[in-house]
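Enquirer: The lines below spell out each chain.
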Amino acid sequence: ILNVEQSPQSLHVQEGDSTNFTCSFPSSNFYALHWYRWETAKSPEALFVMTLNGDEKKKGRISATLNTKEGYSYLYIKGSQPEDSATYLCAFNYGGATNKLIFGTGTLLAVQP
Amino acid sequence: DAGITQSPRHKVTETGTPVTLRCHQTENHRYMYWYRQDPGHGLRLIHYSYGVKDTDKGEVSDGYSVSRSKTEDFLLTLESATSSQTSVYFCAIKGTTTNEKLFFGSGTQLSVL
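Protein chains in written order, with the working numbering: chain A, 42 to 154; chain B, -19 to 93.
To be clear, the hints were calculated from the coordinates, so they are not data collected in a lab.
For glycine and all other residues, C-beta sits at the position ideal for the given N, C-alpha and C.
Do not rely on the hints blindly, as some may be mistaken.
One side of the interface only, derived from the structure: several residues of chain A facing chain B at Cβ under 8 Å [said to hold, decoys possible]:
{"hint": "1", "residue": "SER84"}
{"hint": "2", "residue": "ALA87"}
{"hint": "3", "residue": "LYS99"}
{"hint": "4", "residue": "ASN134"}
{"hint": "5", "residue": "ASN140"}
{"hint": "6", "residue": "GLY145"}
{"hint": "7", "residue": "THR146"}
{"hint": "8", "residue": "GLY147"}
{"hint": "9", "residue": "ALA151"}
Please take these sequences and the hints and turn them into a complete structure.
Expert: Below, the structure written as structure tokens:
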């Protein structure tokens, strides 16, 4: 059974703090690892799709790293802002070209002003 | 924003009644997906389509059927709704390239009483 684990489940930080979350996924049959940002009352929006071991991606203050050999990815947010408050989802592509994804349950980030 | 429209946005129905949810896209994307979101679970794949009349099952397909008679529309049908199918349903689309990100619709809140 494929399983994707995210930790922590939730996180409360102060504005300006830097933070990071973890996503653990199966280390075999790897195609890609996705990160999505999901704000309340909106739809999930893609942050990154990562495919290569050692990959690092960056979008503004948000960055992610990938270790496919040990099956984990980290998402970092530098200098958190209240608008970063959202649930961050990771998803493991187990379907190759069909892009069938197994999602983790997410990390809920709340940034206090 | 990707052109994805889900309808209806909200629906309340009774156990045993048939229900059809619609996902409409204007992006001409090949792949379309139906996910459900429940507390304590990540987004779980119900069914997906890789072309007109080409569909396959996901993780939680029991009790659901789908149809895709044209590129832009992907229908999810609950033949006889049960209370366990109360959930938020999300449609997503993806282009042809492997490991592209998903674009999500706004979701349909379905309550089965």
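Enquirer: Now, for every hint given, state plainly whether the structure supports it.
Expert: Checked hints:
no.	hint	in the structure
1	SER84	holds (4 Å)
2	ALA87	holds (3 Å)
3	LYS99	violated (16 Å)
4	ASN134	holds (7 Å)
5	ASN140	holds (5 Å)
6	GLY145	holds (5 Å)
7	THR146	holds (5 Å)
8	GLY147	holds (7 Å)
9	ALA151	violated (18 Å)
Comparing the model with each earlier hint shows violations of hints 3, 9; every other hint is respected.
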